[in-house]
Structure formats: structure tokens, C-alpha cells
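Two chains, two frames, some hints: make the complex.
Here's the letter readout for the chains.
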Amino acid sequence: MKTDSVMFKLVVPVLAFVLLAGLATDLVAQRLIGQSLDLALRDKGSAIARQIAVTSSRDLLLEDRKQLQRILDDEKESVSDLSYAFILDENDNIMAHTFETGVPLQLLWENNLPAAQETGTQLLEIDGELVYDFAVGIDVAGQYRIGTARLGISSGGLEAAQASLRTSSALITVFLVLAGLMLAFLLSASVVRPIRRLHRVSEQVAAGSYDSRFEWGQPDETGGPVRGDEIVELGQAFNHMLDQLREVNARLIRSEKLATIGQLASTIAHEIRNPLGVMKNVVYYLNMFDLGEQDAEIKENLDILAGEIDNSNKIVSDLLDFSRIKHPVLNPCSLNTILESALDRIPPHDSISVARDLDPDLPLIEVDGAQMHQVFYNIATNAFQAMEKGGTLTVASRIRGANAEISFQDTGTGIAEEDLARIFEPLFSSRARGTGLGLALVASLVEGHRGRIEVSSRLGEGSTFTVILPLERSQA
Amino acid sequence: MRTILDRLAILLVVTVILAAGLAGCEEAEKARPVFTSQVVLTTPDSPRSQGLVFAVASESEPEDTYLAYRPLVEYLSARTGLAIKLSVSKSNAGVQKMLKDGDAHLARLSAGGYVSYLPAGELEILAKESSAGSNCFQAVIIVRQDSPCGSFEHLKGKSFALVDQVSISGYSYPVWLAADRGQSLEEYFSELDYTGSHSMSIMAVYDGIADGACVASYVLESEIRSNPWLSDSIKVIARSPELTRGPIVAGPGLKAEWRELIRDALLAMGSSQQGRMVLQGLGLDGFSPGREGDYDANREFARPINQQEGWRQPYEN
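Chains as they are written, first to last, in our numbering: chain A, 1 to 476; chain B, 477 to 793.
By construction, these hints were calculated from the structure, which means they are not laboratory data. A hint or two may mislead.
[Said to hold, decoys possible] Below, computed lysine-lysine pairings styled on DSS-like, alpha-carbon distance capped at 25 Å:
1) A/K66 x B/K561
2) B/K573 x A/K66
3) B/K576 x B/K566
4) B/K711 x B/K632
5) A/K66 x B/K731
6) A/K314 x A/K257
7) A/K280 x A/K314
8) A/K299 x A/K280
9) B/K506 x A/K44
10) B/K506 x A/K66
11) A/K44 x A/K76
12) B/K711 x B/K731
13) B/K573 x B/K561
14) B/K731 x B/K573
Okay, chain B solo, but in the shape it has when bound (with noise of 0.2 Å):
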């Protein structure tokens, strides 16, 4: 009997063993102690964030204009040595509120956006884009290939798209068109939709949500460029003049030396391999100086809007 109590005894510790080994052959995770006396609110942001702020409004979806618009700020930061964060807003409305509290230090403005931004004078040009050699561009009207329309006046009475209200070519172009008919865009068009973008005015005509919309030349070229098809199904049936296009602009925190670095470093991105990789991403192909003045034309079309009563800056709502 000694001998099975014995050969009992071992198998139960050989088991315990076994057991024990395969319980613990895997050393359990450490946890580290997290004491929650010190707490930290979501805002004001915290001392790490510093630095300038450029900011852009989406074109399209926030993604595609952050990752077009991230290389330029990585080589101003690059040429200029500043800490440059960029920030992408909804619309033209909100950079130019982000300049105006200062939340922002430089942005690219659309034309109209800049021309909008009240008081004026405020902001500094610090360049202007410039595409095909030119920094014109055109405000044009657009609908289906298979539409009927083949003018402006044809549109009357029906769907249009609209940009945001501080695009000139995206809302002031059809509101000065209106106006010089004698009516506004709600009285003009039976329906009116606000897209955001001009990439998604386009893609509305063509989806047939919209009859027509207006659009900046450029950004339809682009479109075309991108989605070749697109130029059977989207006839232009109206264009602007020549209006210049948008500014990178400073805002009024931005100290003056620092304007002039960025400046120069935008100014001579041309003669760098670096700089034209990253125009070519932005569709540009450089930035030229550029002032007040060049904005004129833009500023007609924009007036019938600021004229109008009980108008305000968008970002003032």
C-alpha cells in the first residue's frame, strides 16, 4: 500500500506542477498605477500647442485638402523655420473667422473670401496663386451635356447650386447674374442647394440633384483633369470676366518678419524641385506677389451682396 500512497503522492505532484507551469508560463501584464487627482480640461488647449496656424477651407472632403495642402505648410515650415500647423475649416467663412480671432496666422482665402473679409484692409496679400501662367480665372455656368439649357436665362425657374455665400464664383457670379434680371436667387432659381464645395456643385449637376451651378474655372478644369469623363457629361453655358484668384493671405497677429519670410519662401517656390513637387500637387503653377488692388474685379461682384440690407459676414452669424 506504501507504494501506491507513494506513486499517488508523485503524480500529484507532477500534476501540480504541470499545472501550475501551464497556469503560469505566460508572466500576467503589470498594470501601472493612473492617479486621477490632477486633471486636465478640454479647454484651453494646452501649453504644447504652439506655434502658427495656417488654415484652408475644404474644397471638397477635409481629407483631400489636408493632404494637398499639408506639403505646402511642411515646406514653409521647412524654408522658414517656423512651426506651422495647418488647419482645415469648413468654408471660406470659417478661416476667415479663425483670422479674425486670431485662432489662425495665415490662410489661404478663395477670392471671394478675401475680398468678403471685412474690415477690409486687415489682411495682407502675401501671394497669389497662379495656374496655366495666369492668376485669372473665370466663374462659369454649368449643366448636364443633355440639358436643355443653353443660356442663363434658361436656368429660370429651376435647381441651382450654390457654393457657400462668400465664393464669388460659387454664389456672387449667379447673384450679380440675378440681380442684373431684377430678381434675387430665390426668386430666380426655384430651388437653391448649398454644397460647400465646388467639387460638389459639379458632382450635384452631373448626379442631375441640380439643373445647373456655378463654379470656379479652375476647379472644373481640375475635376476634368481628374475625371476625364466628366467633360461629355458638363457643358459651360456662361462664364464670368476674368477674376482673380485667391490670395495666401496674413493675418493680423502674424509678426511682419515672419510675413516676409513666408513670403519669399512662397514666392520662390517656382525655383525649387521641392517647391514645384508641391505646386504641382496644389494644381499651381506658382505664387506671384500680389495687392490690393488686384482684387477690384472681384470686389464688384461681391458688392451687390454686401450692399444688400440685413447683410453680415457669415462668420458674424
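Bound conformation, chain A alone (with noise of 0.2 Å):
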């Protein structure tokens, strides 16, 4: 893991934080529970302590050290931690006491009770043992001190609870330090594995792939778009970035395509037109002679050199125009007249029916209508030509939101999935006599409108062509 990696940043924070708690935290819980269980065990002894002197007193007053002894027997009996009790009278005279030989000298000087204190306590260390030593005043009515209890309560119970303590403590720290790393690692692999699939997909961006995108996260139970925090919305603002990069890169290439066409048509213009009237003037002064037998066979093919003639003005005419694409001259047109006047334009064919869906209450819309007219011709001779076998073109137009839509669906060919991305660019044609231009003319045409195209298509059963206009130049 690098240092200067994401992962190193929030795993190592993490893991200090964590450590750094739960060290603090032992620490903590150490000393409260310590005092706790220290106070716990003086409190037992001062109440053992207390109970022994008010048991006693009766006893001590009667002298009665049989008795005295008894208490005190029950007393370490019944107290496993109890070192020692011994019962002192006025004059420090003892009374009774638990210790095998005899009370340490020692002991005696210890914890001295003041006649005006009722308790005492204080810890000694008694060969090598801890031991808190309470001396509780044996009082008659609170008003005469007749003695006082002594006991000591070994400190061995509390160091063995403050031994397991510390133990579970560090377990605790120990188990909390090994889930904070986990949980560092988790944590920080969910951040930087999206981090690093976007860099991939940036590099291969990068390398000219604009069909690359960022996948992450699952989409929604409905098929929605995929929902998810911060790095799944960055994705997907990626995803976006990609595709407007992608729209303005194909926007790039089509107008260097048409940079070129337009000074390679001006050449054409030039150079072919002017051979391509001369030839037309040969082929008419060649009609007007008559030919003798073979007249009609050559007839036939000067009309087919004729005709090449004038297909070859076509594409030199279509270069220029494409070259030559200017701004719009918007004015309030009907989009079904000039439908229609497209249409009537086409040669009828015999197997071809055009069917129409248009809406009467289309509003008129500002747009050029020459343009359009090409718009909608060009895209209804493309249907023509997609249908040379037959079928069925059906025209419709209508306003859905804020656009208006004209749409030309036919039963022809088809395109294949594959050339659907390219047929708008320029000299992309996927039939053996097409220029390429027809197409990419009418993209250009309608984007001038601020419009769009789609297109729909399954190979075999046709195309569906929707010109999609803003109602909005109309409406101002």
C-alpha cells in the first residue's frame, strides 16, 4: 500500500483513531472500575467492621471473650477475604482476635482511632500482602468508646479483579483494533475500487474508446436508472461527460468531413461540371442524327450516358449544397403542406403506398422551409430506395410536448446495428450507389433548427425516421 494512496490515508487515520480510543478508553474504564472496586471493598470492610462492633458491644461490656471469640470466628468464616479481626477494649486490651499466635505488635500502633472518630481506615502491607485495615469505634448509646473492632480485608480479591479486568480490557482493545482495521479496509476498498474503475474507463477514454463507461452500483428494482451515493452519482455525471464528449467528437469529425467535402466540391464543381455540359451537348447533338439501323440500340445508350450525365450533376449539385449549408430563413410554415409537396416530389412507384397520420391542428412553425423540404425528401426517397421490392411508407406528424414530430416508418431493408451510429456521418453509405450525403445533409439541416433525429430499425423489417422540431421558435 502506497503512502501517498487513499486507502493508506483513511486506513492509517482509522486505525489510530481506533487505537488511540481504545487505549484511552482502557485506560479510563481501568481507573473507574479500580476506584469502583476499591471503594466496593472499603465499604464491605467498614460494614463488616461496623457490624462486628455493634455485635461485640454487649459481649465487651460483659467481658465475655468466649463470645467475643465467636463472633469474631463467624466473622473470617463467612468473609473469604478476611486476614484478620481482633477486638480491642478501652485500654487496648485484646479481647479476641483471629491471627494463629498472636495480634502483631505493629498492628496495634496502626490505625489509631481517635475517641472522636467512629472509623478508620488504612491500607498496610502485611508480609508482603496488601491488606486495607478498618477500625470501627465499639461505642455504648454513641455516648462511652468501650473498644474497638479491627479487621483487615485482603487487597487480593480486588488486584485479581483489576488482573481480569485489565486482561478482558485489552482483549476488548485488541478485538476493537482488528475490526477498525477491517472496517478501514472495507471502507477505504469501497471508495477506491469505483476510484480506480473510473480511472480505467478515463485511460481508455483517453486512448480514443468513447463508448467506454463507468458501471457501478445496481440499478433499482424497477430497471431505473442506478442509484447510489457520491461515487455512483460522479460515475454517472462521468457517464454524461462521456456522452456529450462522444456527441461533440462525432459533431468534430462531421464538420472536418465537411470542411473537406466543401473544398473538395468546389473542385468537383469546377473541373467535372464544366466536361460533364460538354458531354451533355455531345450526347444531345448525337440524338439529332439518325443512325440508320443501329440508331435505336444507340439511342438507348446515349439515354443511359444521359442519364449518368445527369446523375453525376446530382452529386456534384448535392456537394455543393452540402458544402454550401447556410442558416435558416425561419418563417411560419405548415409541416404538412410542406410534407406533402415533398412527397408529390418523389416519383410514384408501383409496390411503394405512402400512408399518412397527419394531425390537421399541426400549428404552423417557424422554420425554413426550402431546408425542410429537403429534410423531409431526402429521408422519403431514402424509404423509397430502402423498399425497392415493395411496402409501405407511413408519414405521420404530430405535437408531443413541447416538439413537433414528423415520422416516416417503412417496411424496407432495415439497417444494421452496426451502421445506425454512422448513417448521419458524411460519405457513410451502406447502399453501392449512394453518396453518403443525403443523410448527413439532413443532420445538419435539422440541427440548424435546434432539432433532432432518431432512428429506429431491425434489420428486415424497416426503419423508423422521427424529424423532432421545438414547438418554441413558434410559440414566441
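And the structure:
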């Protein structure tokens, strides 16, 4: 893991925080619980000492040593960590004790209780063992001090509890650190993985693969767009940027092609049109002669030649038209009328029928009539050419939202899926005799009207071209 | 990255300082070492126990007796300059034993406790108790107010509460009454209960534990003063002739000059405010001089016991 990686920057602070928090919590908990245990031990010792003082008061007055010894023996038996206990009378005579031999002399000097003080506690070290020594005065009716009850509670239990606490606390800290480490790795992985994926997609885009997309997260149950955290939102924004980049790139390519075509067109117009004109005149001249027995055959060939010359002229005209696309001159026009005019221009075909589904309430829309005529004509011509074996062209107009839509649905050969994305590129044609300029011109003209074209097609079933134009200008 | 590491280092140091500060904000108590090489046995008493011991038998609860007699002991210590310690014994027999063994130097004995002490004459009377202007009292036979028993004869075959065997009013008088009827206590009564004190005997009758009891009249009067409802619950069905109240005695080990000091202090108690307060706490008017002959009547009641075959002083058991 690199020290400047995101994972390192996430894992190390989280781990450090967990470690420090665990350490701090550990120390504080040990301290607080240790104090609580210490306090509990003091309370316990004090309570036992008070109990001895109360129960021994009568027997101390009567100097009943046997009964006093019985009281201490009972306590020694019932309290496991009781190190010792003894009772002194008011002159510090030892009345009873639990030591095997005798009361250590020095113990009598420790934890002496002043007459005005009811209890006293002192920590003693007896033979290497820490013992809490408790002294409680034995009083009669709270007035006269007749003796003292002393007892020692071993801190062994307290130390064992604290040791157990330290072990548990250390185990918890280790567990927390491991859990924190795992959590940090999982957390960082959830952040780093999509970033790495995004990085790979960026590299692919930089290498020219504009079709790459950043895919992350799971689509929602309705099949809608992926919903997710900021990473997913970033990916969606990245994909949107890619879409725009791809579109801009396509436009740029088309613009470059258009520029090239424009240059070519002007050259071709000069270099080809003149010879074509001469050839046209020659054909016309030859048609004026009677060529005898072969006249019919020759005239047929001359007609073919004249047709090819016209076709060549048309190509040159298309090239010139394409390279000279002007800004549309907008005027309120009836799209239905323009559509009918374009359809009328196309020579009828016996096996092709044209069905109309035009919205009579379609409002006037501000368009360049001539350009829109060219758009509809080119699309309809393409549809006829796709239905050489016959079929039906259904044209429809309608309002949808803020747009007017003119659709051309044919039952022709359809367009291969791999060609769909390129059909609007200049000089691209799937037909042998196509110039590859018709649909490119359509796209340019529609874009000039701030519109767009949608195409759907299935190979062998036909295609649908829909010209979508904004109504905004017509409403302004 | 250096910045992050720096921050982590700062965070670590701060945390450690805070934790260490929190953990060590209270200084741990230091243990004092105790060496066990030299030990002290329970007996004999340490040399610090010095001075005179004033022994008294517990009347009811030892604490009550201690509270009643502690002011007297403090008074005597103050007036004589002698260090006197109060010691409460379970019974008059215990007091007798302490005097006999030299564990007590002076004592308050009951009327019976004094006359039953042997050898007679070993104890010196320092003063006699005086209450309501008299040194005398009576042994009274009591029953519950609702009892059908109206005389000692009616108690025959009943249960009876006794104090202890050295008490004239709590033991000797009913023994004398039974003997006068030709029977021992065991023969006369169906059940005998030794309560240890006059107060407990009174409560035994009140609670119905015993059908009757024999107690000192001054104790009954004191109990009725403290608990007036007792007068409606207890009735006296027999009284002894007048007996002399118990004395303050000096044991054989008490020096002669200290005896005089203590005697003078006792006899002078009524003349000082502090003394009167102490006497009031004991339910007495004062102390008066006493002599051996004052207890002849007491001794008459104690005699039948002493003359019984096989009878021994309780403290000799």
C-alpha cells in the first residue's frame, strides 16, 4: 500500500483513531472500575467492621471473651478475604482475635482511632500482602467508647479483579483494533475500487475509446437508473460527460468532413461540371442524327449516358449543396404542407404505397421551408430506396410535449445495428450507389433548426426516422 | 502525507497525556508496612490496663447498666483522682467472682449478693444505697392484673420467674416462702424460669411467660415510672419484710486510703449538683454509711439456701 494512496490515508487514521480511542478508553475504564472496586472493598470492610462493633458491644461490656471470639470466628468463616480481625477494649487490651499466634504488635500501633472518630481505614502491607485495615469504635449508646473492632480485608480479591479487568480490557482493545482495521479496509475499498474503475475508464477514453462507460452499482428494482452514493453520482456525471464528449467528437468529425467535402465540392464543381456540360451537349447533338439500322440501340445507349451525366451532375449538386449549407431563414410554415410537397416530388412507385397520419391541428412552425422540404424529401427518398421490392411508407405528424414530430416509417430492408450510429456521417452509405451525403445533409439541416433526429430500425423489418423540431419559435 | 503523520503523532501524544492524566489524577494510597515478627497474645492484659475496676451486675441489658453506672464511675474518678474502670458482669455471682479473684476492686452488689458472699467479712461496706429517703426495700410477688391469683398460695403449681440464685428478692424470698410451706421451689412451682434480672422477670409476667415473679420493690417502682402502663397490668400479691438495699463494697485488694477516698466521695454525692445528677440517673437519693449489721434481715432470708445440702456459691460452679 503506497503511503500517498487514498487507502493508506483512510486506513491509517481510522486505525490510529481506534487504537488511541481503545487505549484511552482502556485506561479510563481501568481507572474508574478500579476506583469502584476499591470503594466497594472499603464499603464492605467498613460494613463488616461496623457489624462486628454492633454485635460485640454487649459481650465486650460483659468481657465475654468466648462470645467475642465466636463472633470473630463466624466472620472469618463467612468472609473469604478477611485476613484478620480483633477486638480491643477501651484500654487496648486484646479481647479476641483471629491470628494463629497473636496480634502483631505493630498492628496495634497502626490505624489508631481517636475518641471522636467512629471509623478509620488504612492500607497496610503485611508480609508482602496489601491489606485494608478497618477500625470501628465500639460505643455504648453512642456516648462511651468501650473498645475498638479492627479487621483486615485482603486486597488479593481486588487485585485479581483488576487483573481480570486488565486482561478483558486488553482483549477488547485488540478486538477493536482488528475490527477497526477490517472496517478501515472495507471502507477504503468501497471508496477506492470505484475510483480505480473510473481511472481505467478515463484511460480508455484517453486512448480514444469513447464507447467506454463507467458502470457501478445495481439498477433499482424498477430497472430505472442506478441509484447510489456520491461515487455512483460521480460515475453518472462522468458517463454524461462521456456522452457529450462523444457527441461533440462526432460533430467535430462531421465538421472536419464537411470542411473537406466543401473544398472538394468547389474543385469538383469546376473540374467536373464543365466536362459534364460538354458531354451533355455532345449527347444532345448525337441524338439529332439518324444512325440507320443501329439507331435504336445507339439512342438507347445515349439515353443511358445522358442519365449517368445527370446523375453525376446531381452528385456534384449535392456536394455543392452540402458544402454551402446556409443558416435557415425561418418563417411560419405548415409542416404538413411541406411534407406533402416533398412526397409529391418523389416519382411514384407501383409497389410502394404511402400512408398518411397527419395531425390537422399541427400549428405553423417557424422553419426554413426549403431546407425542411430537402429534409423530408431526402428521408422519404431513402425510404423508397429501402423498399425496392415494395412496401408501405407511413408518414405521420403530431405534437408531443414542446416539440413537433414528423415520422417516416418504412417496411424496407432496415439498417444493420452496427451502421445505425454512422448513418448521419458524411460519405457513409450502406448502398452501392449512395453518395453518403443525403442523411448527413438532413442531420445538418435539422441541427440548424435546433432539432434532432431519432432512428429505430430492425434489419429486414424496416426503419423509422423521426424529425423532432421545437415548438418554441412558433410560440414566441 | 507528512502532515497526516504529524497530526497522528500529535493526536497520539495528546491522547496519552490525557489518559495518563486521567488515570493518575488521584495519587494512589501508599501502604504502611507491618512486620509480624513480634506478636501480642490475648492474655494477660497489656500493661496499659491499669487502675481500679468497679464491677456491677447487669440489671437488664448490659448497655443500660453501663450507661447508668458510667457517670458514677466518672464521678468517683474525678473526685478521688483514681483511675477507675467500669466493668459490667452478667450477674451478682459474676461480680462476686471478680471480687474474689481480684479482678474487681470495688463493686455494687445486690442485697443478696452481699450477704451470700463468702467468706463473710472479706468485703467492706463503703456505702448503702438510699432511695426515697430509705435504705430499705421489699421483695414483692407479682402477677398479671387479670390473674386469678391473689396470694402466694394461689401460685402453687404455676410457672414462676426468678432472677438468679444470689438475689434475695429475686430468689431467696420465694425460696423462703416455699420452705415455710414445706416445699422447695421445684416442688411448689410447675415451672421455674431464671431471667437474670428483675426487669426481665417483670416483663416475663407482663408477657404471660410466667404466672408470677418475685422482684425488688424499687425495681418495680422504677419500671412503672418508666412505663406507667405497667401499673394497670401488674399487681402485687405479697410483700416481704423490709430488707436493706445493696451496698457499694470494697474488695480485699483495695488499699485502705483509697477506700476512704471513695467512701467520702460516695457519701458526699448528695451535696453537689454533679453528684445529685449522677444519683438521679441511678434512681437514688444518695448513699449513706453502712455496716455489717444492717444486713442481718437479708441474711435471714439467705440462710435457708446456705444451709441446703450440697449448696455452693454460684461462682464456685
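Requested in this report: With a cut-off of 25 Å on the C-alpha distance, tell me whether B/K711 and B/K731 pass.
Outcome: Roughly 46 Å between the alpha carbons, so the hint for B/K711 and B/K731 is violated.
Query raised in the report: Given the hint that A/K314 pairs with A/K257, does the C-alpha gap stay at or below 25 Å?
Result: Distance of about 20 Å is within 25 Å: holds.
Query - Agreement of A/K280 and A/K314 with the hint, judged by alpha carbon distance not exceeding 25 Å - result: holds, 13 Å
Query raised in the report: Quick one, are B/K506 and A/K44 close enough, alpha carbons at most 25 Å?
Result: holds, 20 Å
Query - 25 Å Cα cutoff - pair B/K731, B/K573 - result: holds, 19 Å
**Report entry** Hint consistency between B/K573 and A/K66 [alpha-carbon to alpha-carbon, up to 25 Å]
**Finding:** Holds, because 17 Å separates the two Cα atoms, which is no more than 25 Å.
Query raised in the report: If you draw a straight line from the CA of A/K66 to the CA of B/K731, is it 25 Å or shorter?
Result: violated, 32 Å
Query raised in the report: Is A/K66 close enough to B/K561, meaning Cα to Cα at most 25 Å?
Result: This hinted pair holds, its Cα atoms lying about 21 Å apart.
Query raised in the report: Holds or violated: B/K506 with A/K66, Cα cutoff 25 Å?
Result: violated, 36 Å
Query raised in the report: Going straight from one Cα to the other, do A/K44 and A/K76 come out at no more than 25 Å?
Result: holds, 14 Å
Query raised in the report: Are the Cα positions of B/K576 and B/K566 separated by 25 Å at most?
Result: holds, 16 Å
Query raised in the report: Does the structure keep A/K299 and A/K280 at a Cα separation of 25 Å or less?
Result: holds, 14 Å
Hints 5, 10, 12 from the list above are not met by this structure, while the remaining hints are.
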